[in-house]
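**Q** For chain A, the structure is supplied; the task is to place chains B and C on it using the hints.
Protein chains in written order, with the working numbering: chain A, 1 to 540; chain B, 1 to 316; chain C, 1 to 233.
Because the hints were derived from the structure by calculation, they are not lab data. Check the hints yourself; a few may be wrong.
Derived lysine to any residue pairs resembling SDA-like cross-links, with alpha carbons at most 25 Å apart [as the list claims (entries may be wrong)]:
(1) 537(A) / 58(B)
(2) 175(B) / 205(B)
(3) 421(A) / 55(B)
(4) 280(B) / 67(C)
(5) 116(B) / 454(A)
(6) 280(B) / 64(C)
(7) 191(A) / 68(B)
(8) 421(A) / 54(B)
(9) 175(B) / 455(A)
(10) 421(A) / 38(B)
(11) 280(B) / 307(A)
(12) 537(A) / 54(B)
(13) 280(B) / 261(B)
(14) 421(A) / 58(B)
(15) 280(B) / 151(C)
(16) 138(B) / 307(A)
(17) 191(A) / 67(B)
(18) 116(B) / 65(A)
(19) 191(A) / 63(B)
(20) 537(A) / 64(B)
(21) 537(A) / 57(B)
Here are the simulated distance ranges between beta carbons [to be verified]:
(22) 486(A) / 94(B): 56 to 64 Å
(23) 32(B) / 540(A): 51 to 59 Å
(24) 128(A) / 103(B): 46 to 54 Å
(25) 40(B) / 53(A): 32 to 40 Å
(26) 128(A) / 234(B): 51 to 59 Å
(27) 185(A) / 46(B): 38 to 46 Å
(28) 520(A) / 87(C): 52 to 60 Å
Residues of chain B placed beyond 10 Å of chain C at every Cβ, according to the derived structure [to be verified]:
(29) 47
(30) 81
(31) 138
(32) 256
From the three backbone atoms N, C-alpha and C, an ideal C-beta is built for every residue, glycine too.
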Amino acid sequence: MEAARPAVHYLNADYGVRSWLFTRDHKRIGLLYLASITAMFALGGMAALLVRLDLLTPAGDLVSDDTYNKLFTMHGIIMVFFFLVPSIPAVLGNFLVPLMIGARDLAFPTLNLLSWYIFNLGALVTLWAVLTGGVDTGWTFYVPFSTAASNTNVVAAALGIFISGFSSILTGLNFIVTIHRMRAPGMSWLKMPLFIWSIYATSFIFILGTPVIAITLALVGIERLFHIGIFDPALGGDPILFQHLFWFYSHPAVYIMILPSMGVVSEIIPCFSRNRIFGYSFIAVSSLAIAMLGFLVWGHHMFVSGQSVNAGLIFSFLSFAVAIPSAIKVFNWTATLYRGSIWLQAPMLYALGFIGLFTIGGLTGLFLASIGIDVHVTDTYFVVAHFHYIMVGGAVMGYLGGIHYWWPKISGKTYPEGWAKIAALIVFIGFNLTFFPQFVLGYLGMPRRYHVYPPEFQVLNVMSTAGASILGIGYLLPILYLVWSMRYGQAASENPWHATGLEWQTPSPPPTENFSETPIVVDGPYMYRELDAEEVKRVA
Amino acid sequence: MIPSLISGLPLFPERASTMASRVDALYFFLIGVSAFFAVLIATLIVVFAIRYRRREGYVQEPAPEGALALEVTWTAIPLGLVMVMFVWGASIFVAMQRPPDDALQAFVVGRRWMWKVQHVDGRREIDQIHVPVGRSVKLTMTSEDVIHSFFVPAFRVKQDAVPGRYTTLWFQATKPGTYHLFCAEYCGTQHSRMIGQVIALEPADYAAWLAGSSGAQSMAQAGGATFEQLGCASCHRDDSQARGPALAGLAGRPVQLQGGTVVVADDAYLRESILNPQAKIVAGYQPIMPTFQGLVSEEGLLQLIAYIKSLQAKVN
Amino acid sequence: MPETSTTAGAGTVARPGSPGARAHAVAHQFEDAEQQYEAANLGMWVFLVTEVLFFGGMFTVYVVYRSMFPAAFAAGSHELDFVLGTVNTAVLITSSLTMALAVHAARAGGRGAQVAWLAATMALGAVFLGIKLTEYAHKFAEHLVPGPSFRFAGPDAPQAELFFSLYFVLTGFHAVHMVIGLGLLGVLTTLAWRGRFGPSYFTPVEVSGLYWHFVDLIWIFLYPLLYLIDRHH
Numbered sequence: 001m002e003a004a005r006p007a008v009h010y011l012n013a014d015y016g017v018r019s020w021l022f023t024r025d026h027k028r029i030g031l032l033y034l035a036s037i038t039a040m041f042a043l044g045g046m047a048a049l050l051v052r053l054d055l056l057t058p059a060g061d062l063v064s065d066d067t068y069n070k071l072f073t074m075h076g077i078i079m080v081f082f083f084l085v086p087s088i089p090a091v092l093g094n095f096l097v098p099l100m101i102g103a104r105d106l107a108f109p110t111l112n113l114l115s116w117y118i119f120n121l122g123a124l125v126t127l128w129a130v131l132t133g134g135v136d137t138g139w140t141f142y143v144p145f146s147t148a149a150s151n152t153n154v155v156a157a158a159l160g161i162f163i164s165g166f167s168s169i170l171t172g173l174n175f176i177v178t179i180h181r182m183r184a185p186g187m188s189w190l191k192m193p194l195f196i197w198s199i200y201a202t203s204f205i206f207i208l209g210t211p212v213i214a215i216t217l218a219l220v221g222i223e224r225l226f227h228i229g230i231f232d233p234a235l236g237g238d239p240i241l242f243q244h245l246f247w248f249y250s251h252p253a254v255y256i257m258i259l260p261s262m263g264v265v266s267e268i269i270p271c272f273s274r275n276r277i278f279g280y281s282f283i284a285v286s287s288l289a290i291a292m293l294g295f296l297v298w299g300h301h302m303f304v305s306g307q308s309v310n311a312g313l314i315f316s317f318l319s320f321a322v323a324i325p326s327a328i329k330v331f332n333w334t335a336t337l338y339r340g341s342i343w344l345q346a347p348m349l350y351a352l353g354f355i356g357l358f359t360i361g362g363l364t365g366l367f368l369a370s371i372g373i374d375v376h377v378t379d380t381y382f383v384v385a386h387f388h389y390i391m392v393g394g395a396v397m398g399y400l401g402g403i404h405y406w407w408p409k410i411s412g413k414t415y416p417e418g419w420a421k422i423a424a425l426i427v428f429i430g431f432n433l434t435f436f437p438q439f440v441l442g443y444l445g446m447p448r449r450y451h452v453y454p455p456e457f458q459v460l461n462v463m464s465t466a467g468a469s470i471l472g473i474g475y476l477l478p479i480l481y482l483v484w485s486m487r488y489g490q491a492a493s494e495n496p497w498h499a500t501g502l503e504w505q506t507p508s509p510p511p512t513e514n515f516s517e518t519p520i521v522v523d524g525p526y527m528y529r530e531l532d533a534e535e536v537k538r539v540a
Numbered sequence: 001m002i003p004s005l006i007s008g009l010p011l012f013p014e015r016a017s018t019m020a021s022r023v024d025a026l027y028f029f030l031i032g033v034s035a036f037f038a039v040l041i042a043t044l045i046v047v048f049a050i051r052y053r054r055r056e057g058y059v060q061e062p063a064p065e066g067a068l069a070l071e072v073t074w075t076a077i078p079l080g081l082v083m084v085m086f087v088w089g090a091s092i093f094v095a096m097q098r099p100p101d102d103a104l105q106a107f108v109v110g111r112r113w114m115w116k117v118q119h120v121d122g123r124r125e126i127d128q129i130h131v132p133v134g135r136s137v138k139l140t141m142t143s144e145d146v147i148h149s150f151f152v153p154a155f156r157v158k159q160d161a162v163p164g165r166y167t168t169l170w171f172q173a174t175k176p177g178t179y180h181l182f183c184a185e186y187c188g189t190q191h192s193r194m195i196g197q198v199i200a201l202e203p204a205d206y207a208a209w210l211a212g213s214s215g216a217q218s219m220a221q222a223g224g225a226t227f228e229q230l231g232c233a234s235c236h237r238d239d240s241q242a243r244g245p246a247l248a249g250l251a252g253r254p255v256q257l258q259g260g261t262v263v264v265a266d267d268a269y270l271r272e273s274i275l276n277p278q279a280k281i282v283a284g285y286q287p288i289m290p291t292f293q294g295l296v297s298e299e300g301l302l303q304l305i306a307y308i309k310s311l312q313a314k315v316n
Numbered sequence: 001m002p003e004t005s006t007t008a009g010a011g012t013v014a015r016p017g018s019p020g021a022r023a024h025a026v027a028h029q030f031e032d033a034e035q036q037y038e039a040a041n042l043g044m045w046v047f048l049v050t051e052v053l054f055f056g057g058m059f060t061v062y063v064v065y066r067s068m069f070p071a072a073f074a075a076g077s078h079e080l081d082f083v084l085g086t087v088n089t090a091v092l093i094t095s096s097l098t099m100a101l102a103v104h105a106a107r108a109g110g111r112g113a114q115v116a117w118l119a120a121t122m123a124l125g126a127v128f129l130g131i132k133l134t135e136y137a138h139k140f141a142e143h144l145v146p147g148p149s150f151r152f153a154g155p156d157a158p159q160a161e162l163f164f165s166l167y168f169v170l171t172g173f174h175a176v177h178m179v180i181g182l183g184l185l186g187v188l189t190t191l192a193w194r195g196r197f198g199p200s201y202f203t204p205v206e207v208s209g210l211y212w213h214f215v216d217l218i219w220i221f222l223y224p225l226l227y228l229i230d231r232h233h
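Isolated chain A (complex conformation) (with noise of 0.2 Å):
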């Protein structure tokens, strides 16, 4: 079908850098997030390179000891609060929400606009904090170290944490506030794409979540900069209280990184399968069950910790009873597969790396919330090779699997797809030969955050290492690629997937007001086989 990208687009409704820096335009704010996040990853990148390099050896002769200490502080801060965290939320949840619902833009465009420069100011807190010297804390900045031992940045990064969780609770609110009152006439809540859901779920994460972590690194922050003690032992504070608050938010972060990621997943699958979703209110309420329980086991992560047997056990029969819902969503996504019309196009392959990796990743899951092994696996290579599959081998595909499906709708243009194929490929490649081996070491017995080790670990580190070298390449391809595509690639129809969702019913790049006129909307979604029907009576 001939490309009729309009004369008119967000992209070109206004020149200027002022009109970028200044936009309410949801979906040029959503753009300024992939910049920021783009760089923080790639920050995050560098040091875990570094950190892989330095593992080489058993004897950590790249760096000294306290500097692969701040060389793995930093790629868990800015990994986790500095691009997992908002990427597909802040990007795609931005760019897509809107449109996905039949709305000009989000509630309140200009504390978008603001929380764009909060998050920028707390990553540049935060990066000053690593170029001044660095946090040694690991980003769990424990007590009592993070507040009485380590003579690092600890203020300044705590307090860039603190800055971008603002962030993320003006994002979550914005998101929240929409979805309830900003659809379009005839999109129920059981309408909407399974997108929308993932990313009303999330919210409520950031909501509920956020302002725990941001108290909580304010107490450290007040504790090392006025030496009070709240969590001294010393005064009779009490440093298993510092891991309680600090979880509460961090395990629900980690399905605030996990749930958008499946949102996409759920877009991405009917679309290539041309099938409606198999168990579509399943998987509805699976998102709002998930991140429910998700509030209620963060225990998990202190099994060893000496906190109580009893918590310990409840925290063990809820941790499984979370991964239940996921495990729903898991063989709902393979059911829609069954009699469908395969499409290996590029999203489609990451959402299926996704399935796969998500899988392992979560059944792994399972062995450490069996508490009788997490004893022995905890805060080992087991723990980091889990957490692994399901940020990277998860919700980074799921990301740039959704970057691929809505880049055509971002901008306007495709991108190569054989490009992108062979970099899917390196990456699940990569992926795997980089985190597999560490579970055997995980279970050998090699601890985390160790810069040297014994020497019989050397091999499974060394083809970790080369894993992620591997990985590295097929990140930077579609940087490459998909920049390339902006200037030079084929402009893209309003529907080049023959996707369903209100997103695909304008043109690409969308106009600044996403719509000429309020969509009203009938059809549940995902009702492929009707839409290809009707192509084929069109075309015959």
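**A** Just chains B and C now, with coordinates in the frame of chain A:
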């Protein structure tokens, strides 16, 4: 016993404790279940992607949008499986929390970046601990500074050492050997160098090692000396001049506090009573005991507690 | 004189010179003024939920430590100035009353009443902060500020220091929220003076009122938890 792909490439840790085979059994069950579901999902995806691939002339057959029976099934079966995992894992964990009554005791104080071990007979070790094969050993642990974690992969045990409180860990070695001891809670610059070894000896060899001691004071004796030095005896005495509760026979017994609550005089209670005496006032006594925070080290506290425990014998 | 329209809609124009006369345009993303109003309210409620969790973290720390060290917390509480704390509570509750009256005035339309009640709320808020600063100064002089200069005559000084750490953190963050509230009130008073609010548009006053009431509510929890431990004799 260690399966290796290539000679010298370890893929599985040694089993050297009574717990290890229990942990490994659950581990293999989980690997089996995980492999089953991972292969199932992967196979379905591959089969569906090939069988239903978009191609010239392919016409889709009708597909269901949902099936309640299927949803219930694939919710119930995983739920059942994870409940099995929960109960199994819980029973292992509970066993890990219950040291046998006849366990040998040893005391561990972690500090950046070393493990200081005290045996009851006063012998000290740094970054290593000798234990007998075939007997349970219970470690009481704390930290002088930040949180550390005592981890012996071959025994499948791990427990944090937390400043300001006691934690415990027990194991029973099943074969002689030297096993890695790692610190498993990040504690700063030399975290990865805070390692050591657990040396398990056959009973005869262990006895030989014990016999070759340097005649150091036992922990109880050292504690007694500290007790005198710090002047504890001036209030904690057996006569009418006593201003503090009697200590003989106290350890492990219930104590009635002001206000009616009853607590057990365990290690944590004894430690707290020395460092923060106002926290729990024994019924019938005045809150006049001064704090000894800063006047006695963690190791000294453990010695005092050993001394107080030794006073039990006199009552009997 | 024609009634000012109370059914808000885009472009509704009130009687020239009356409050809200320059009717507030509906932002482009909203369908109508009602959707805009409801979105603003929902937004403020969602924000207040985050504040509940923020203070909730502090309250959790307080509850844990107070249950571990009841005597020390009581001793610390007795060092706080009961009179000033109680006066402050009365001041803040009264300020919520004046705030509610300001919202009512905005809905009803009286420009003078709006400005008066908003200014009164500001004044009361300022009085609260002034009293708080006085208390802080007293504590500084009495060496009850946690840190190297802390001196507490009593057997459980370290745990009393914990109490005072929590006292300063809780009331300090509360005070920060009061300052932000005063800032909001300053802006509102200025806009009210310019006749920006009236029956057709009073949303900022109302949502700021929600915020102010919430900050008052936090204090109503803080007051007994900090000032009234074991004070019944």
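**Q** Now tell me, hint by hint, if it's right for this structure.
**A** Here is how each hint holds up against the structure:
1. 537(A) / 58(B): holds, 17 Å
2. 175(B) / 205(B): holds, 12 Å
3. 421(A) / 55(B): Distance of about 19 Å is within 25 Å: holds.
4. 280(B) / 67(C): holds, 13 Å
5. 116(B) / 454(A): holds, 21 Å
6. 280(B) / 64(C): holds, 16 Å
7. 191(A) / 68(B): Roughly 19 Å between the alpha carbons, so the hint for residue 191(A) and residue 68(B) holds.
8. 421(A) / 54(B): Distance ~17 Å between residue 421(A) and residue 54(B) Cα, so the pair holds.
9. 175(B) / 455(A): holds, 23 Å
10. 421(A) / 38(B): holds, 23 Å
11. 280(B) / 307(A): holds, 21 Å
12. 537(A) / 54(B): holds, 19 Å
13. 280(B) / 261(B): holds, 10 Å
14. 421(A) / 58(B): holds, 23 Å
15. 280(B) / 151(C): holds, 22 Å
16. 138(B) / 307(A): The given pair, whose Cα atoms are some 18 Å apart, holds under the 25 Å limit.
17. 191(A) / 67(B): Status holds; Cα separation ~19 Å.
18. 116(B) / 65(A): holds, 22 Å
19. 191(A) / 63(B): holds, 20 Å
20. 537(A) / 64(B): holds, 23 Å
21. 537(A) / 57(B): Judged against 25 Å, a Cα distance of about 16 Å means the pair holds.
22. 486(A) / 94(B): 56 to 64 Å: holds, 59 Å
23. 32(B) / 540(A): 51 to 59 Å: For residue 540(A) against residue 32(B), whose Cβ atoms are near 52 Å apart, the range 51 to 59 Å holds.
24. 128(A) / 103(B): 46 to 54 Å: holds, 52 Å
25. 40(B) / 53(A): 32 to 40 Å: holds, 37 Å
26. 128(A) / 234(B): 51 to 59 Å: holds, 56 Å
27. 185(A) / 46(B): 38 to 46 Å: 43 Å Cβ-Cβ, so the 38 to 46 Å window holds.
28. 520(A) / 87(C): 52 to 60 Å: Check passed, 59 Å falls within 52 to 60 Å.
29. 47: Fine: 45 Å to the nearest Cβ keeps residue 47(B) off the interface.
30. 81: Residue 81(B) clear of chain C: closest Cβ-Cβ about 35 Å, beyond 10 Å.
31. 138: holds, 26 Å
32. 256: holds, 17 Å
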